[in-house]
Amino acid sequence: MACAVDPSSNKNSLLMLPERVKKITRIPASWWAYAWSIGREDQRRAIHALKVGTALTLVSLLYILEPLFKGVGKNAMWAVMTVVVVLEFTAGATICKGLNRGFGTVIAASLAFIIELVAVRSGKVFRGFFVASSVFLIGFAATYLRFFPSIKKNYDYGVVIFLLTFNLITVSSFRQENILPLARDRLSTIAIGCAICLFMSLFVLPNWSGEDLHSRTAHKFEGLARSVEGCVNEYFRDQEKHDNILDKQTSRASIHTGYREVLDSKSSDESLAHYASWEPRHSMQCYSYPWQKYVKLGSVLRHFAYTVAALHGCLESEIQTPTSVRSLFRTPCTRVAREVTKVLQELADSIRNHHRCAPDVLCDHLHEALQDLNSAIRSQPRLFLGSKHGSANSRMLMELNSSKHATSRTALPSFKTDTASILERKNTKADQPSERSERSTLGRTLSKIAITSLEFSEALPFAAFASLLVEMVVRLELVIEEVKELERAANFKEFTRHDHLTIDITCKEEKRNNDGVRLGSHTVSPAAE
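Take the sequence shown: its position 341, counting from 1, is numbered 341 in UniProt numbering, and each next residue is one higher.
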C-alpha cells in the first residue's frame with residue numbers, strides 16, 4: 001500500500017531551502033572573518049606564516065632543481081622535515097630546537113659510525129648480536145636520561161632526535177655495506193634545513209622570546225590595575241540606577257580578563273624564559289640576563305591576582321551590603337584603589353622602559369588612604385557591633401524554632417488493627433507532600449532570618465571587601481620588592497626625576513570613577529623634586 005505524500009511538508013521544505021543555501025554560503029565568509037580577527041590580534045602570526053611558507057619553498061628547491069637533487073639525492077626530504085619541525089614562532093624556540101636537532105644528529109651519527117667500525121670486522125652472527133645489543137643499551141640509556149630534570153628541561157628534543165637518528169643509521173647499516181655516505185647525506189640535509197630556519201628566525205623580522213616575556217610582564221601589571229579599578233567602581237555603582245545590562249556585563253568581563261591572564265600565565269612564562277635563555281644577548285654588556293627573575297615575579301603577581309579574584313567574587317556574592325551602607329565607605333575605598341592602581345601603573349611603566357621605579361613608589365598616600373578607611377569603619381560602630389534590629393530578628397528566630405519543634409513532635413500511635421487505623425494511615429500518607437512543602441518553605445524562611453539576624457549582617461559583606469583591599473596592599477609590597485630585585489639583577493637604568501615627570505604627563509588622561517575622581521593619576525613625589 002503506497003503512502004500518500006503530504007504536499008504541505010514538501011512546500012515547507014522548499015521554502016526552507018533558500019535559507020539553508022544562505023547559511024552554507026555564509027560559512028566561507030565567517031571563516032575568513034575569524035581568520036582575519038586572529039591576524040589582527042597579533043600581526044606577527046601572519047608574518048610567521050609567511051616565513052614558514054618561504055622556508056618550505058626554499059628547501060623544496062633541493063627536490064625541484066636538478067643540480068641540487070643530484071648532489072643531495074632522496075635525502076632532501078630530511079631538510080623539509082627539519083624546517084617543518086624546527087621553525088618556531090620565536091627565535092629562542094627555533095635556536096633551541098635547531099641546536100638540539102643538529103647536535104643530536106651529529107652525536108648519533110658519530111656513535112653509529114663507531115659501532116659500525118667495530119661490528120664490520122666480526123662475523124655476520126656476531127655483528128647482528130652486537131647491533132641489537134647496542135640498540136638496546138643506547139635506547140635504554142637515552143630514555144633514562146630524559147627523566148633527569150635538567151636534561152628534560154633543556155635537551156629533551158635533542159635526546160629524542162639522537163635516539164631516532166642512531167636507530168635509523170645503525171639498523172640500516174646492517175644491510176648496507178658503506179654507511180658513511182648515508183650519514184653524510186643526512187647530516188648535510190639536516191644542516192641545510194637548520195640553516196634556513198635560523199636565517200628566517202634571526203634575520204627576517206625576528207620575534208624574540210625575551211622581548212615577548214618582558215612586554216607580557218608589563219601588560220600583566222596594567223591588566224591588574226584595570227581589574228582593581230573596575231572592581232571598586234562596580235562595587236560602588238549605584239544599584240538603583242537602571243544601567244545598561246550589556247555595559248555591566250562588558251565591565252565585569254574586562255575585570256575577569258585582567259586578572260585571569262595573570263593566573264593563566266605560569267606555563268607561558270616558564271617556556272618564554274626557557275627559550276629566551278637560548279637567544280643571543282640583547283646588549284653588549286657581558287652578563288647573563290635574569291630571565292628566571294621574570295618567572296619569580298610572575299609567581300608573586302599570581303598571588304596578588306588571587307586577591308583581585310576574591311575581590312571580584314564580592315561582586316558576585318548572593319549576600320550584598322545595601323547601597324546606603326556602601327556609600328558611607330565609598331571615598332576611602334576609592335582612594336585606596338586609586339593609590340594601588342597608581343603604583344601598578346608606575347611599575348608597569350618602569351619595567352617597559354627598562355628603568356628603575358621611584359624609591360618612594362609605595363608612598364605615604366597609600367598608607368594615609370588605609371588610615372582613612374580605618375577611621376571610616378571606626379566611625380560606624382553600630383554597623384559592625386550589632387543593632388536592635390538584629391536582636392529582634394534573633395527573638396523571632398527563637399520563636400519560629402520553638403514552634404517548629406512543637407509541630408514536629410508527634411505522639412506514638414497506639415496499636416490498632418481495625419479498618420479505621422488503616423484509613424488513617426492512608427490519609428496520613430496523602431497529607432505528607434503538603435507537609436513537606438510547608439517544611440521546606442519554613443526552612444527557607446528560617447535560613448533567611450538566620451542570616452539577617454546575625455550581628456553586623458549588613459556590613460559583613462563589606463567587611464570582607466575591605467579586608468581584601470588591605471590584603472591587596474600587603475601583597476603589593478611583596479610585588480614591589482620583587483620588581484626591585486629584578487631591576488637590580490637586570491641592571492635597569494637608574495631612576496631620574498625626568499622619568500617620574502614623564503609618568504605624570506602620560507597619565508593625565510585617565511578614567512574617572514562615578515564620583516569624578518581620577519583613578520590613574522600620578523603626582524610628582526617630594527623626593528623627585
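Some clues are possibly wrong.
[Stated by the list, open to error] EDC-like cross-link-like pairs, simulated, lysine to aspartate or glutamate; straight-line CA separation at most 16 angstroms:
(1) Lys-484 - Glu-494
(2) Lys-296 - Asp-264
(3) Lys-293 - Asp-185
(4) Lys-74 - Glu-211
Source of the hints: derived by calculation from the structure; they are not laboratory data.
Because the structure is a prediction, the values reported are computed rather than measured.
Hints, one by one, checked against the model:
no., hint, in the structure
1, Lys-484 - Glu-494, "holds (11 angstroms)"
2, Lys-296 - Asp-264, "holds (15 angstroms)"
3, Lys-293 - Asp-185, "violated (43 angstroms)"
4, Lys-74 - Glu-211, "violated (40 angstroms)"
In this structure, the hints that do not hold are numbers 3 and 4, in rising order.
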